[in-house]
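So the sequence shown is numbered by the numbering used here: it starts at 124 and just counts up by one.
Just so you know, the hints here were simulated from the structure itself, not pulled from any lab data.
Derived CB-CB ranges, DEER-like:
#1 Gln-286 <-> Ser-364: 14 to 22 Å
#2 Gly-292 <-> Pro-266: 22 to 30 Å
#3 Glu-227 <-> Ser-364: 36 to 44 Å
A virtual CB, placed ideally from N, CA and C, is assigned to each residue, including glycine.
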Amino acid sequence: MKLQICNDAQEMGACAAASAGAAIRNAIAKRGRANIIVATGASQFHPLDALVADAGIDWSVVTGFHLDEYLDLPQTHPASFRRYLRERLVDRVPIDTFHYVNGEAADPHAECERLGALIAQHPIDVAMVGIGENAHLAFNDPPADFETEEPYLVVDLDRACRQQQFGEGWFESLDAVPKRAISMSVQQILKSRTIVVSAPDARKASAVHRTIEGPVRPDVPASILQRHDRTLVYIDAPAGSKLSQSLLGARGA
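Using the sequences provided together with the hints, build the complete structure.
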């Protein structure tokens, strides 16, 4: 795991996008195509803005996969991650294919199987992810399942996760936040050749500290990233405020 502490969220986004873009271009140069995973939420605003501005990416040979989605939330809802991805990525670049998670599928377990079959055919070159306030990875809330090899799972969202979604302004009330979702599994994320993590803001400071400096354990889902040797973590100064002094030299590294 490599850490870089940036001055602010915009710089963090630029650095994360630069690493993700380099991984995409490298995959295209080696294999003629690139396969990516894209996260959503407030942590990805600046990384995705910078990524779509990267003129060096040939999006016509890129296949994208959706990380997670709420169950039974219409695409028209402001919090829909399908809507988010269309508006912030898919409609802004000529990407070849993007595989969405259909949270409105009649059978969400069948939807997991459909996506699992697809991603099995597309080894992932780079995953862009965030860290939740409860240290979740995708929608794998604590305690996360570190063992399952199923690529996608139907999961229950804990109160802390739902409180974050409400606190970020995606829903009008806590009760309006769905209680279930489809999420990519931890093991599927770890299969990515490169993982680019973006985690801005002081409200993520505790989760960032436990992810980077604490033991690897299911009640800190993102801590599993310590075991992936090509994880690149980008945070801003407020998100790094609880890190030990020995790590603060990562600023600008």
